[in-house]
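*Asks:* Protein sequence lines correspond, in order, to chains H and Y. Residue numbering for the first sequence follows our numbering, starting at 154 and increasing by one per position. Residue numbering for the second sequence follows our numbering, starting at 154 and increasing by one per position.
Copies of one chain are not kept apart here, so a pair can be met inside one copy or by any two copies together.
Result set (DSS-like, lysine-lysine): computed pairs, CA atoms no more than 30 angstroms apart in a straight line:
1. K392 / K404
2. K431 / K413
3. K489 / K295
4. K489 / K404
Read the hints as simulated data drawn from the structure, not as lab findings. Small disclaimer: the values here were computed from a predicted structure and weren't measured.
2 protein chains.
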Amino acid sequence: MDPLDVVSDLHKIKPVYQPIVSAIRHSVAGYETFGRIQNGEEWLSLGDFFHNRDVPEEFKVEVDQHLLHIVMTEMLETNTEGYVFINRNAKQLMVNNGEDLLESLLMFEQKGFAMNRIVIEVTEHDFDEEFEELIHLLLYYKTFGIQIAVDDVGAKSSNIDRIRQLEPHILKVDTGIIRHNDSDGFHDIIYSLSLLAHRIGAALLFENIEDNFQLQFAWKHGGHFYQGFYLARPVFELKDAHHISVNVSEKITDYILREKALVEDRRNHVLHWEQKVKSLLPQWGGVKKVDAFIDTLTAQFNTESFRMFVCNSYGEQVSANFRKREGNWETEPDKKGSNWAFRPYFLENTMEMRTSSRGILSENYSDIETREMIRTFSFPLSEQYFLFVDICYSFIYENESLLI
Amino acid sequence: MDPLDVVSDLHKIKPVYQPIVSAIRHSVAGYETFGRIQNGEEWLSLGDFFHNRDVPEEFKVEVDQHLLHIVMTEMLETNTEGYVFINRNAKQLMVNNGEDLLESLLMFEQKGFAMNRIVIEVTEHDFDEEFEELIHLLLYYKTFGIQIAVDDVGAKSSNIDRIRQLEPHILKVDTGIIRHNDSDGFHDIIYSLSLLAHRIGAALLFENIEDNFQLQFAWKHGGHFYQGFYLARPVFELKDAHHISVNVSEKITDYILREKALVEDRRNHVLHWEQKVKSLLPQWGGVKKVDAFIDTLTAQFNTESFRMFVCNSYGEQVSANFRKREGNWETEPDKKGSNWAFRPYFLENTMEMRTSSRGILSENYSDIETREMIRTFSFPLSEQYFLFVDICYSFIYENESLLI
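Make a model of the complete structure from these sequences and hints.
*Replies:* In C-alpha cells:
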C-alpha cells in the first residue's frame with residue numbers, strides 16, 4: 154500500500170487492542186494497540202508501513218498520533234482501566250524532540266488518563282543509533298510517570314548495560330524463540346535476563362505465547378505479564394478485549410502443582426544423599442584421614458557423581474580431588490590446597506550448613522573443567538569440614554526434578 | 154612512530170609478560186603478552202600501532218607473529234608453565250582465514266606447547282562487524298583446544314547472547330570501571346555477568362586491578378583470575394614474571410574473614426527477626442484473622458519494613474498488604490488474591506521454610522513498585538501460611554551486612 158494513501162486515508166485507519174494478562178491477578182492488565190487499515194472488505198496490518206525505512210518518520214508520527222487519539226478516547230469513554238502499550242521507533246520519537254506524543258498524553262491526562270498507564274515500547278535494535286539522544290528522551294518521558302518497555306529483549310542484541318542505563322519498567326521477551334534450535338542458549342539468556350530484571354526492578358513480559366508450553370515457560374521464568382494468541386488476539390472493540398481464551402488461574406494452578414511435585418522430588422534426592430553420607434559419618438576420622446573417608450564414599454555416589462572433595466570453612470580444599478574417569482575413581486592430589494571461597498555462595502553455604510547440619514544442593518551451572526551442566530551437593534562433615542559432591546550431567550538429565 | 158618503521162624494525166621489537174594470578178592457587182597462572190619497540194633508550198608500547206585503523210592488518214599480523222614466536226620459544230626454553238594470553242582483533246584474525254596463527258601454534262604444539270595453554274583475547278567490540286565469520290573462526294580454533302577470552306566485557310556493549318553463542322572460556326572485566334560514577338549500574342552488570350559466566354562455565358578475569366579495593370571487588374564477584382599493576386607489571390624477562398607484589402593468600406584470607414563476619418552479622422538479623430515473629434506466634438489465629446495478626450506485627454518491624462503480607466503455599470496472597478506511608482501503616486485490601494508463585498524461588502522457599510521452620514532472607518533486588526533496593530524476610534506461620542516482610546532500603550543501607 155502506498156504510504157501516501159495511508160496518510161491521506163486516516164479515516165480508514167483504526168486501532169486494535171491485544172490484551173496483556175497479569176501473572177499476579179490472572180486477568181487483563183492492559184492492551185497493546187496496533188493499527189489496521191481498511192482495504193475494501195479487508196482490514197490490513199500497518200506493520201509494513203511502520204517498518205518501511207523509506208516512509209518519512211513524519212508520516213508515521215501522523216498515523217500514530219491519529220491512532221493514539223482514538224485509543225485514548227475509546228478507553229476514556231468506555232471507562233476501560235489498565236495499561237496502554239504503544240510502539241514507537243527511535244527516529245519517530247526524535248521527530249520534533251518527541252513533543253507531539255508528550256503533548257497528546259498531557260492533554261489526555263487532563264481528561265483523566267493517568268500518565269503511568271502509558272507504556273511506550275521501544276526495541277533494543279533502536280538503541281544502535283543515536284543511543285544518547287534516545288535514552289535522554291526516554292528518561293525525560295519517565296519523569297512524567299510514563300512507563301518504558303524494551304521490546305525483543307533476548308533476541309539479536311541483549312545489551313545488559315544499555316538496559317541497565319535505561320532502567321525500563323518492562324522487558325518484553327519473544328517466547329517464539331523457544332521453538333528454535335538453540336533453545337538451550339535462550340534458556341541461559343532468559344535466566345540471566347530474569348535475574349537482571351529482578352535486580353533492577355523491571356517486570357518481564359513474555360509475548361507471542363501461542364501454546365500451553367510457552368505459557369508455562371513464561372510462568373516458570375518469572376514473567377509478570379503474558380501476551381499472545383493463546384490468550385487473546387487483537388480485537389477492534391474494547392468490550393471484546395476482556396475475554397481470555399484460556400482459564401489462566403487453572404493453568405497456573407497446574408504449573409504450581411507440577412512445580413511443587415518437582416521441588417519435592419528434588420528434596421528427596423537431597424535427603425537420600427544426606428542419608429548416604431550420614432550412614433558413613435562414623436568413619437569420618439578427621440582431616441588427616443580425609444582421602445580415605447572420601448574413598449569409602451565413592452561407591453555410594455558412583456551413579457550420581459564424577460568428582461568429590463572436602464574443603465574447610467575458609468574454602469581451602471583439604472583433600473585430593475576424587476575424579477571418576479571411564480568408570481574408575483582416580484585421585485588428583487595436586488588439587489589439595491586450592492581455595493574455593495571466592496565461588497558464589499561458598500562461605501554463606503558453609504555457614505548455613507554448620508548451623509542446620511543439613512546438605513545443600515546448588516543450582517545448575519556449567520563446570521569450568523568439563524563444560525557440562527552439573528550441580529553440587531554439599532554436606533557438613535563437622536563444624537570445620539564440608540563435603541562437595543559434584544553431580545554429573547547424565548544423572549541430572551535422567552531426573553527431571555534436577556533439571557529445574 | 155611510522156607503521157612502516159615498525160614492520161621493518163622487527164629486531165627492535167620484544168614481548169613483555171604480565172602475570173595473571175589464579176584465585177584458586179593464589180599464584181601465577183599465566184601471562185598476557187604485549188609488544189614493546191625500542192626507540193633509542195626507551196621501550197615504547199605498540200598499542201598505538203595495533204589500535205591504528207590505518208595500519209594494514211597484514212602489518213599487524215606480521216608483528217604479532219614475530220612476537221608470538223619469541224614468546225613461545227622463551228616459554229619453552231625456560232620451561233615456564235601456565236597460560237599465554239595473546240590479543241588479536243577481528244580483522245587481523247580474518248587475514249588468510251586465521252591460518253597463520255593456527256599454523257604457528259600447531260608447530261609449537263609439536264615442540265611440546267599444549268594448545269590448551271593458548272588464550273586468544275578478542276574484544277566484544279570486534280563482534281559488531283562480521284560477527285558470523287568471526288564466531289565461526291573462533292569456534293574452529295576451539296576445536297583444537299585453544300581457549301577464547303572476551304575482553305572488556307561489561308563495558309560499552311555486553312551482548313549476553315553473543316557471549317552465549319561463543320561460549321568463551323574466560324570473560325575479562327575491566328575493574329577500572331568501579332572508580333567511575335555509575336558504579337551502581339556496574340555492580341548490577343557484573344552481578345548478571347557473573348551469574349551468566351557461572352551458568353555457561355566461563356571463568357571471570359578481572360583486569361586493571363590497581364589497589365586492594367579492586368582486588369577485593371574481584372574476589373567478591375567470583376573472579377577466577379586477577380591481573381593488574383597492584384599484583385604485577387609487565388616485565389621483559391620470564392624469570393622476573395613469577396613475582397607478585399602483594400601476598401595474595403594473606404589478602405584473600407582478610408577478605409574471607411571479613412565476609413564471614415558479615416554473613417554472621419546478617420544471620421543475626423535473621424535470627425532477631427525470627428524471634429520477633431515467634432514471640433507473637435501464639436496470637437496467630439489462622440487465615441480468617443490474618444490481617445489482625447499482621448497488625449500486631451507492624452510495631453515490631455516499624456524500623457525495618459515498609460510492607461508486609463501473608464501468602465499460602467500456592468502463592469496466593471491471603472491478607473491485605475500492610476504498607477507504611479509517611480510513618481503510618483495502611484492496609485491495601487485489594488492486593489488480597491494476588492498470586493506470587495511465579496516469583497523466583499517462591500515455591501522452593503515456602504517448601505524449605507515448612508521443613509526447617511526457619512525464616513529465609515532473599516537477596517537484594519529492586520522492588521517493582523518503589524524501584525528501591527529491598528530484601529524480603531519470609532517466615533512460616535504454619536504449614537500453610539507464610540509471612541513476607543519487605544525490608545526497606547534505608548535499613549539495608551545502614552547495615553553493611555545486608556548490602557552484601
